[in-house]
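K.L.:
Chain by chain, the residues:
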Amino acid sequence: MAHRQENLIALAGNPNCGKTTLFNAITGERRHVGNYPGITVEKKEGYCRVNGGQIQLVDLPGTYSLTAYSPEELVARNYLIQDRPDAVINIVDSSNLDRNLYLTVQLLELGIPVLIALNMIDMAAARGLEINAEELGRRLRLPVIPTVARTGRGKKELIEAAAQLVQKSPVWEPLSISYGPDIDPVLDKMEALIGSAGFLTDSLPARWTALKYLEADGEVIRKGKEKDPVLSGKLEELAEQVSQHLQKTLDSYPEAIIADHRYGFISALLKEGVVKQSHKADRLYLSDQLDRVLTNRFFGPVLMMLIIYAVYKFTFTYSKVPVGWLEAGFSELGRFADSSLPPGPFKSLIISGVIDGVGGVLGFVPLILFMFFAIAILEDTGYLARVAYMLDRVFRTFGLHGSSVMAYIISGGIAGGCAVPGVLAARTLRSPRERLATLITAPFMNCGAKLPVFAMLIAAFFSAKEAQVMFLLTVLSWVAALLIAKLIRSTILRGPSTPFLLELPPYRLPTFKGLLIHTWERAWQYIRKAGTIILAISILFWALMSFPGLPETEKKIYDEQRASILAGGEAPQPTSPLKPPDRRPGQASSAANPGGGPDSQARLQEVDNEEAQAALKNSIAGRIGSGLTLITSVNGFDWRTNVALLSGIAAKEIIISTMGTAYSLGRSRRGEQIPLSGRLAADSSWTPLKALSLIIFIMLYAPCFATITCIIRESSWKWGLFSMVFNTLTAFIVSALVYRGGLWLGLG
Amino acid sequence: MAVIPLRKMAKGQKGTIHRVTASGEIGRRIRDMGLVPGTPFQVQGRAPLKDPVAIRLRNFTLALRNNESDFIEAEVEEV
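In order, the protein sequence lines correspond to chains Z and C. Each residue of the first sequence is one higher than the one before, starting from 113 at the first, in our numbering. Each residue of the second sequence is one higher than the one before, starting from -9 at the first, in our numbering.
What the hints contain is simulated information worked out from the structure, not anything from laboratory work. Please note: incorrect hints may appear among the correct ones.
Said to hold, decoys possible - Estimated spans, in silico, between C-beta atoms of each pair: (1) C:N57 <-> Z:S745: 43 to 49 Å; (2) C:A0 <-> Z:L855: 45 to 51 Å; (3) C:M(-9) <-> Z:D363: 26 to 32 Å; (4) Z:D363 <-> C:N56: 46 to 52 Å; (5) C:E68 <-> Z:A304: 47 to 53 Å; (6) Z:Q359 <-> C:E68: 52 to 58 Å; (7) C:A0 <-> Z:A304: 46 to 52 Å; (8) Z:E348 <-> C:N56: 33 to 39 Å; (9) Z:S745 <-> C:R(-3): 54 to 60 Å; (10) C:M(-9) <-> Z:A309: 47 to 53 Å; (11) C:E68 <-> Z:E349: 19 to 25 Å; (12) Z:E157 <-> C:M(-9): 27 to 33 Å; (13) C:M(-9) <-> Z:S379: 42 to 48 Å.
Backbone N, C-alpha and C fix where the C-beta goes; we use that ideal spot for every residue, glycine too.
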């Protein structure tokens, strides 16, 4: 570890202290965003040059403390202990020094060399706070540099001071503070025991380990037990004695006494000459005045609805243009491949597998960019925290968190969203159980891809009440998502809600550059990770729906039919009689002999369509669909519906085109729903009840693969697969209840 | 001076943290945010549905649920 090529410096600080802005300012263009192994906490790395040398910087997650309760804290702590950076730049919010220094004290107790960036010093000055950086540095015996991350002020001094500090290759010197007469004696005793046994001392200061035993830190105690169970047991016993003694005499806990003394240490540190408050502390700042309106009992919710609606409008309206470009580009590419590749399975793979797959991934990118940009504005201004504050009471009832609302809305809470950015928006949730419940239930919302399918079915069976039915479906998806979230949170994700202690940061104007960086980093992660998986899945689905193809004997029958149509007095066809089944609409007419009568063309098309239907039924997916009728007959679905639903896992809008093929209507592209709608309406085996059962199934069943991939990215494989199985099961049960219940009531 | 739970405090009322009666994760989180005995604070307001409550202390604003504020006892001026 000691022989690194370049110096490694970690950035640590509270959330909302301007850490990321400072990181971006220091590292310039050379950055890399990844994840810490196994968890979804973002890991940002970057480089900066100073005095001809290079320093590697790692942005640790924002934390208030270094306990082992949240993944962020654990990651930050383990990084410091295991990777042992040469120094830590601790960024503190100058207007909120005492709480920010709480983390500093813990860093110092760990012994790592620290330098402090007194950030947002301009805001502190505006609030009448005068901070003597030099004096603070003298008292803590470390460099303290005033900075303003937004403007870059102090950035150069900070990085030079950091370079100077690491050049001296300082040793780790843990700070030792007094925890009072109840804790100190036993702390000393434990420290001595740990020191003489060399217990964990290769990476941890003895006093720090002792403190963690007193604080009952699960992670450290677990490691201790592995290393030396006897000594660990002894330390636990000592801690337990103090704990019981404190509860008897002071009705308090060791960890409470420890926190009190840390804060005591900080207030002593800041007294007399470090911080001066020139005007009254409790005057109303602009931010508080804004809060009086924005979180007002009446205006707060109204404005919130407007703002959320604006985010939604912004995301989906303005992204339409670039989404259209991408769609046009990919269909152009498809046409090009269609005309330049020889017919056969390879061409079909390229068009239906690769181009459609990659198009599917990239098609979401403008949406994601716009959504992240809007969310970044809400996040960086501090408004998102207010949304969580105002809505927490409602969402908590269902075992969720105030911040869940963003994920719901974007996924299609206002019909027409998209679960891919919706699932990614759940990132702002810091509580793991609530976040998982949000991830699983957000895809129940009616996304933009489900809408054309609903529209087709509504047009066929509920044409008199289109708007009402659509509204009903939106309400239904909210009810389903919230109730199922409640169900999940009281069964598999049972447990008390994560403590809700949310800082409401002062409103700030975000910088445009910061917003862009924020947006791009998240979007790029999606493109990179999701792209490969979705491409693979897309190819898999193509194979499922194309193989094994029709046996030669059956193909021959269709070829003969075509030949006989062509021979029926019409001019001979110049093209090959073996038409590939993957041919796109529009292709048929251009390939057909212009001299052929409209009648023979239509009949040729009919044969093609029948062949496509037969091929689909014979494919692996078709066989699965037929097999599944054993179960899905409960919901009233036949093999055609099943295979369409199966293909819908690749992307929901494909349901229409697959159904079209299954009903021998030829491959219709998006938007061409009229013939299918009419076909279903005329079909006596279809009833409005069956259509409703199908709509409900589509609303609730497995998310599309793009979404599942994102769920996996945001949680784990286990939860991605769970969302697929669980949501499908939910869909099956609810839709079966509706269908069977309806039949029982005589609505069939 | 009287000691009352934070939940009972009115909007705008000032007080000083008297005691935090929680241990474990919730206790740790409360203390990490600087709510330790002797800290002066003011109730800033409540969310539209009366929960969570926002308090101002140490120059920042913190929102916490009523469930959490039940663990916090405050010293207030007697009315």
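K.L.:
Could you see if the CB distance from Q359 of chain Z to E68 of chain C stays within 52 to 58 Å?
P.N.:
Roughly 29 Å apart at Cβ, these two residues miss the hinted range, so it is violated.
K.L.:
Starting from the range 33 to 39 Å, see whether the pair E348 of chain Z and N56 of chain C falls in it by beta-carbon distance.
P.N.:
Hint holds: Cβ distance 35 Å, inside 33 to 39 Å.
K.L.:
Is 19 to 25 Å a correct range for the gap between the Cβ atoms of E68 of chain C and E349 of chain Z?
P.N.:
This hint is violated: roughly 45 Å between Cβ atoms.
K.L.:
Could you check the hint for me, namely that M(-9) of chain C and D363 of chain Z are 26 to 32 Å apart, CB to CB?
P.N.:
violated, 19 Å
K.L.:
So does M(-9) of chain C sit 47 to 53 Å from A309 of chain Z, Cβ to Cβ?
P.N.:
Roughly 48 Å apart at Cβ, these two residues keep to the hinted range, so it holds.
K.L.:
Is 46 to 52 Å respected by the C-beta to C-beta distance linking D363 of chain Z and N56 of chain C?
P.N.:
Violated, at about 23 Å.
K.L.:
Holds or violated: the 45 to 51 Å window for the beta-carbon distance between A0 of chain C and L855 of chain Z?
P.N.:
violated, 58 Å
K.L.:
Given the range 47 to 53 Å, decide if the beta-carbon distance of E68 of chain C to A304 of chain Z lies inside it.
P.N.:
holds, 49 Å
K.L.:
Lying within 46 to 52 Å: is that true of the beta-carbon distance A0 of chain C to A304 of chain Z?
P.N.:
holds, 51 Å
K.L.:
Given the hint of 27 to 33 Å, check if E157 of chain Z and M(-9) of chain C actually sit that far apart at their C-beta atoms.
P.N.:
Taking Cβ atoms as reference, E157 of chain Z and M(-9) of chain C lie about 52 Å apart, which means the hint is violated.
K.L.:
Starting from the range 54 to 60 Å, see whether the pair S745 of chain Z and R(-3) of chain C falls in it by beta-carbon distance.
P.N.:
holds, 55 Å
K.L.:
Given the range 43 to 49 Å, decide if the beta-carbon distance of N57 of chain C to S745 of chain Z lies inside it.
P.N.:
Distance hint for N57 of chain C, S745 of chain Z holds at roughly 48 Å.
Against the hints set out earlier in the document, violations occur for numbers 2, 3, 4, 6, 11, 12 and 13.
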